[in-house]
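Enquirer: Starting from the known structure of chain G, arrange chain B on it as the hints suggest.
Taken in sequence, the protein lines are chains G and B. Oh and the first sequence: position 80 is 79 in numbering that gives the first Met the number 0, straight run, nothing missing. Oh and the second sequence: position 35 is 34 in numbering that gives the first Met the number 0, straight run, nothing missing.
Think of the hints as simulated: they come from the structure by calculation, not from any bench. Just to be clear, a hint being listed does not mean it is correct.
As the list claims (entries may be wrong) - Cut-off 30 Å, straight-line C-alpha distance, at most; resulting in silico cross-link-like pairs (DSSO-like, lysine-lysine):
hint	chain 1	residue 1	chain 2	residue 2
1	B	LYS67	B	LYS91
2	B	LYS60	B	LYS91
3	B	LYS134	B	LYS173
4	B	LYS134	G	LYS43
5	B	LYS173	G	LYS43
6	B	LYS60	B	LYS173
7	B	LYS91	B	LYS169
8	B	LYS134	B	LYS169
9	G	LYS43	B	LYS169
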Amino acid sequence: MNCADWEERIALYAGGDLAGVEAERVQRHLAECPGCQVFWSGLKETLEELRESHQMEIPAVHFSAVRAGVMAELRREHRTWRRLAWISGVGIAAALVLGLALRPGPLPAPPGRVAARIPAAPLVATVDDAAQTERRALAAADRPRPGAGRQPTLVKLQTADPKIVIYWIAD
Amino acid sequence: MATAAEGSFESEGQAKAHPSADLADFERLMRQHERLVLATALRLTGSMEDARDISQEVFLKLYRNLGKLTPPAIPSWLYRVTVNSCHDLTRKRRPETPVEFETGLVAAGADPQQTLTEDERRRALQLSLRMLGQKERTALVLRDLEGLPTEEVARILGSNEATVRSQISKARVKMRAFVERYLGRRS
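Isolated chain G, as found in the complex:
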């Protein structure tokens, strides 16, 4: 193994990245190779200088600028979210109010229900019943009555159908 093959191991060793058997092998080579010793000490020196050169304090103004930029952006985002939430709330409320205001009135009863409630057809159709009623009325008029001389009561019955009107003559 020539010295070029040792370079990367020495570089790891110089940075403290070798341990155990690997570190011992490098140490043995360094002990018997002056060229690699120079390389190793130069490398160590360079690494130390590199670390020192980056130990400089970053001026506080740069940190403040970063923080201010981030906080400004976050506050802007928060404002936008709040505005969107407010607009959404107002929109939903307006839609509810509009929906209540424009709600249609009670629906007309279904056809089946009307037919059941207004038995107009049987009343009209029963002409015989009407005649019978008239006859009864006439017969009653012929009978002697305790309250003779009183005028009969005329009852007018109206159905849901305006064309059908029922008159009822009662004593």
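Expert: Positioned in the frame of chain G, the structure of chain B alone reads:
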């Protein structure tokens, strides 16, 4: 154990989710980690302006991901996002000015008899970082300047330890060669 200075993000064991995250608490969290992000970005980009832009971007991402992170995971996450942001910026930018060209400019403007100063050595070291490839530079910065263990560097870079060790050793060898060459020219 969390200290009072660490703020409520640390003491809750789990970082707050985005909707309830309090901005004052987040600012305290930012103060705890701002050096990590800004210094890493500065070392990787070599430009304070870029480092500040990247830091802002990284902290905004942190705020949006707080609900997914536990406090102990935050530093590694910050390193990873900072490194990725720096790489993204490098990809967007045109290739960096060749180092040899910059070295030539410095040499031309300097007095050949001038003795080597600390500033010059520092400049050589800064340039040596710029001369490294992106992966080697990142591995070197995280290991030698941020002082992270190789295992952690590998985790941050999404790589394996052997690869990272190789990148670190190559970076050190190249850096040393560059500094010797640079200072040799200047002396």
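Enquirer: A separate judgement is required for each hint: does it hold in the structure or not?
Expert: Status of each hint after checking the structure:
no.	hint	verdict
1	B:LYS67 / B:LYS91	holds, 29 Å
2	B:LYS60 / B:LYS91	holds, 19 Å
3	B:LYS134 / B:LYS173	holds, 13 Å
4	B:LYS134 / G:LYS43	holds, 21 Å
5	B:LYS173 / G:LYS43	holds, 13 Å
6	B:LYS60 / B:LYS173	violated, 34 Å
7	B:LYS91 / B:LYS169	holds, 26 Å
8	B:LYS134 / B:LYS169	holds, 11 Å
9	G:LYS43 / B:LYS169	holds, 14 Å
Hint violations for this structure: number 6 only, all remaining hints satisfied.
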